[in-house]
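First to last, the protein sequences are chains A and B. Each residue of the first sequence is one higher than the one before, starting from 1 at the first, in our numbering. Each residue of the second sequence is one higher than the one before, starting from 1 at the first, in our numbering.
There is no bait here: all hints are sound.
The list treats identical chains as one, so a pair stands whether inside a single copy or across any two.
In silico lysine to aspartate or glutamate, DMTMM-like type, Cα no more than 20 Å apart, as pairs:
1) K744 to D723
2) K166 to D749
3) K569 to E92
4) K191 to D723
5) K452 to D326
6) K70 to E105
7) K78 to D42
8) K744 to E165
Bear in mind the hints are in silico, worked out from the structure with no lab data behind them.
Residue strings, one per chain:
Protein chains: 2
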Amino acid sequence: MAFKIAALNYSIFKCSSYSYNYAPENIHVDKPTDQSSRWSSDSNHPPQFLILKLEQPAIVDSITFGKYEKTHVCNLKKFKVYGGLTDDHMIELLESGLKNDHVPETFPLKNEIDCHHFPCRFIKIVPIQTWGPSFNFSIWHVQLHGVDDSDVVRPCMNWYTNYREKEAIRLCLKHFRQRQYVEAYEALQKKTRVDLEHPILTELHNQLVTQGNYDACENLITRACEEGLFEQYISDQEYKPKWTPIEPVSAGSESFDNRPGMRGGHQMAIDLHTETLYLYGGWDGNQDLADLWSYHSPSKQWTCISRDTAEEGGPCARSCHKMCLDYERKQIFTLGRYLDSSMRTECNLKSDFYMYDIENNKWTLITEDTAAMGGPKLIFDHQVVIDIEQQTLFVFGGRVLACTTEGERNSTPQFSGLFSYHIPTNTWTKLRDDCSELRSRIGHSMLFHPKKRILFIFAGQRSKEYLNDFLMYNVDDGRIEIISDGTKKEMTGSDGRSQGISVGPTAGINTIRHFLKDFSKRSVPSAGFTQRATLDPQTDEIHVLSGLSKDKDKRDNVKNSFWVYDIPKSKWSCIYKNENSGQQYWTKMQHIEPVPRFAHQLVYDHVRKIHYLFGGNPGKESLPKVRLDDFWCLKLCRPSPVNLLRRCKYLLRKYRFQELSEVNPQSAMIYLQKDLAAVIDHNDTRETQEFHLLASTLFRSGIEENDSYDDKNFGTGSRNHYDRRTELFDLLVEFFPENMTQPKGNLVDLIPLC
Amino acid sequence: MAFKIAALNYSIFKCSSYSYNYAPENIHVDKPTDQSSRWSSDSNHPPQFLILKLEQPAIVDSITFGKYEKTHVCNLKKFKVYGGLTDDHMIELLESGLKNDHVPETFPLKNEIDCHHFPCRFIKIVPIQTWGPSFNFSIWHVQLHGVDDSDVVRPCMNWYTNYREKEAIRLCLKHFRQRQYVEAYEALQKKTRVDLEHPILTELHNQLVTQGNYDACENLITRACEEGLFEQYISDQEYKPKWTPIEPVSAGSESFDNRPGMRGGHQMAIDLHTETLYLYGGWDGNQDLADLWSYHSPSKQWTCISRDTAEEGGPCARSCHKMCLDYERKQIFTLGRYLDSSMRTECNLKSDFYMYDIENNKWTLITEDTAAMGGPKLIFDHQVVIDIEQQTLFVFGGRVLACTTEGERNSTPQFSGLFSYHIPTNTWTKLRDDCSELRSRIGHSMLFHPKKRILFIFAGQRSKEYLNDFLMYNVDDGRIEIISDGTKKEMTGSDGRSQGISVGPTAGINTIRHFLKDFSKRSVPSAGFTQRATLDPQTDEIHVLSGLSKDKDKRDNVKNSFWVYDIPKSKWSCIYKNENSGQQYWTKMQHIEPVPRFAHQLVYDHVRKIHYLFGGNPGKESLPKVRLDDFWCLKLCRPSPVNLLRRCKYLLRKYRFQELSEVNPQSAMIYLQKDLAAVIDHNDTRETQEFHLLASTLFRSGIEENDSYDDKNFGTGSRNHYDRRTELFDLLVEFFPENMTQPKGNLVDLIPLC
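Just chain A, same shape as in the assembly (with noise of 0.2 Å):
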């Protein structure tokens, strides 16, 4: 929905506190050179806030807070906003932080819910830290937009108001059957039409809670797993990585030589029609490569196409090169080098481009220098990416390396801008200098999403400066989007919470935008230099392995962890982390996990979700010229509708199990031999614990259902079937969309206590 958002008018409606003269209609006005128009609370000691009005109800789009023109200890460096129809029932719309500086900052706002706009009607600010610490609240200038046409309100008011009943009936629905009001939820369900859940679970409740039919109940969760009806629960669930050495079909007698040596710096690249990785070059420690390996995946065997390209008229030995490869056209491009300083002569600073055919196993000189060709001058440390569609390469970042001659080590270091080369037409342009709007940087990530034609480009290095930005370069009409300018604080705890926020890439500026739903689970990687990442164009997700810091000053950081970015949801995640730096440990787990490290090689099957790493530089200070080729194989799983499908059967099993034992112990005893062992997952210990203690019950004298001080149903008493069914009903459409259930909240729980 594109609509017309302008300024909002408002009036303060209500203020915590003020300190004389700050009275908080000072925010109204934007005077930055005047350091008394601003709202400043009466002391820093929550709560304080600033209630605004809006002239009508609206859909506020954003909120721009103005600032002095210096910084300031007042500025909130952090802070939340809550909207709502009433200044009694607000829900939050944002949290964030001010810069402490003088540009004004602008915000998008949480609007819709369920993929609709709602209105408000209120807005509140809730300074929570000050810049300064134990300095009072300041806000210089509030400015809000959105849209508050009534033709464009009016429905959305319509949809909230009657989403809002909805809901509540959905509540009073859910508790109703519960508690078997039969004639009250009918009476209820016939007169709103609402319905409390989709047939299929009311028909499950029926077969599971009412009838106690638990075959039929297998059967119906079995048709939901085949129509695919778990796979958004799946979605939901984080990944779990599961690292596997892999270890190369020896070939002959000389398995070793069959098989890339120690090295980092080297390049890896991955034709998806083939699962073959090709590996080239990288530095073993004592000197640079030239040898070009494949690896054929599904028969896991290595292939020393050529031990020196040179040999074959193409590149000299290299390391902190770039490579990528068109799978179409089965062709690798290669450009730049790092050369030590010592080394490097006017002729051979030269950015030489070369091709390799991997079908005719040809060498192609592109070019001696692409700078002659409007191209980048020679770089390290650079990143290269490919559109296949379009064969255009992309090349960004780098630095430039130069003659050191005359005294000029401590020259400027340059790095190399943002340049696109066009392979049919060999082609390059040059897209963007090293500029502030799109800072060049060496040890960064760049990566290319097919689908949305844009490159997502983060972290890397300026000089001594460590960059935590996040952008997006739109590749067809060049405009270049902040995702994250990581600059604000964005604190992980070690639960893995992060205070920061990111905006979603997506988000157009006159577009009202999503949002987060879990504002909690917001997380971001620290900033880095040798991470490595891959994107996966179909489930929208990019990968990023942190390693070790090449900075020796760095590296009591984070060791190995792994993150996901959902670009949908703007939503990182770290899925893995371990800390462990100790010799020992690693020792003992180098089969398992890969060691931490640095200039090592991850490259990623989309189609197969593999991902591929070889080799780098574990950063042993006393073994400084020791390097890697170790060789894994990473895939991040997430429980499969199978084992989803097995645990429903487990829990049906278990509950069924119950019931029958305290009829008929006999045939319980014999259900849990078959058919409950039948669906036990050996492997989860909990499940094979509970799997015996089942077992046990049987034994004991009489049932002794809550022997222990069960909080659930204490003070209920024993509990019948009903209630036992429906605990376990609710157990079972957790595993459903969310859209398709019953509300997950329980009435009880909202009744307002105090």
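Following the hints, complete the assembly by docking chain B onto the known chain A.
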């Protein structure tokens, strides 16, 4: 209920974060000498928390925080505690802060809802502020106390489950009735047997909303008012102070001679039976006075009983003495005085003690020196109260006058302890010396509650220190209880909100305590020296009039303010505040409101609910000798039942008129002019304005309800009678006691949105 309260076992269930080595489990042990024996968050960014899980559900009575042996920047200056049966549905149990010292602190926790104890399984501690700004939060040791005996907890759990169930059903019933889901309403009510409200309100709903029988409604409401049903509403309203200057009836020509002159440091006492005030002594700016006056309130007549009591065998001229009156036996006692250091001699530093027999107009010197009788030495700025039933005086505090010979001017001031004096046996008893448990002081307040038999002691000064504590001394068993130790920074925001907490004074160690319903209403008067306080044993309230500070440095403090402390609710509220200090303002206002002052006198007639204020020092720097002789009467007003009844009738007639105007503008006009006009409060500008507006709606073309953007009904179109009458019904039930009415909340407002 007195249970056996014991320490409760808990485990750490969850924590927001922790710093290396400072794991949350450390809080189990109390090692004040061990720097590292604590939980410490890994940042000071909110939200940080610890969730503790109790071994068993328990009624949690209190929480004790152990501390480090020294002050520590990471100590919690402010925190909250929540509790619940699950970790995702908790309610606030406490908001408080720790002192930055080494002394463990114990806080009672809210554990009652609706006068019933409720159980918790999870306790969440949420740090909000540290003592050192921007330091991480540390908690050294936590102990929880309460009852987890299942014989005690089980019934509470049952009650709690049923309570929540009942409240949920009542919300449903309210919603269904509003929406006219008649069948669902009846089915639910029949099944659950939960009553939505008192039958009289159901009848009101029927007559009003269903039938539209407005006459019957007026009758119902009138009956409710007569039966005292509005009393609770009235008692929940804030007082409004009404000051009236008392113009004494002049007797004869020399009227000014017939009323006491300007003075400060005088004493007043009231005879409740005869409604007569007695005023004695004081300092007129130049000299001490010895005149004794009476003021008969019904006749508004001052009488000078004696120009100089010394001449009649009474005390010599004096100020800063204290006086109290036994209205049963018509006796006035006076003790103590101030003497300028230059005037002191060995001889006149004896503490004489006089009794005045009102009926016989006769002074008796009880003793020349109470110190010689085991009573206090000569003191000033102390407090004396009388227990009329037991014929006992209590004397507390005051500074002992010492002879200032031989350069003793700078010797440590001596403060007097707590004494009792039994009148019939003429016996002095020293109850407490000046000690840490009951620190002596000057300029404090002490009030005796004759029913509770408790002395309430608060505020005052001790050398340079202004005290802000609030204590109870039980006169029968000598037990001291601290309501608030006053060391917590109890900020009072500009809206009168406070961050502090005051714990119920009647809370015993082994009883589980009542708590404030609305934590946001807690406020406390600031530490004071010149406050004047009174106690109403019928309403269980303490009143405090804060005056001008004697200390010139503190004169920029709050000027006049009036506070009421509700003893059973442990709640302070500020009902009046006037921060004006300009001379011009007070010249204009001098006959409307008393100017700020100190050394004045305030007495209270709790039978007629009238305060009397006389004289004092206005603290004019330019005219240091000026004292006041103004005389004021203060009434604390709340709406009367008659007033409320009128308001209800007004509302009923307004809605009736609106209905009428839609069908018959002609008779609506007549109704407006006759019936509606009859119930208008013409002093209420809003009501009067509304009345005029109502008339004008008749002359518009058609009925344009919702012509403005009305939030509530936006999108639902024009409302029918049922909805409008429901709105009126909701307004009317506000005046009824909460336990009689439908729930305040609305189901739709409880729907979680995000």
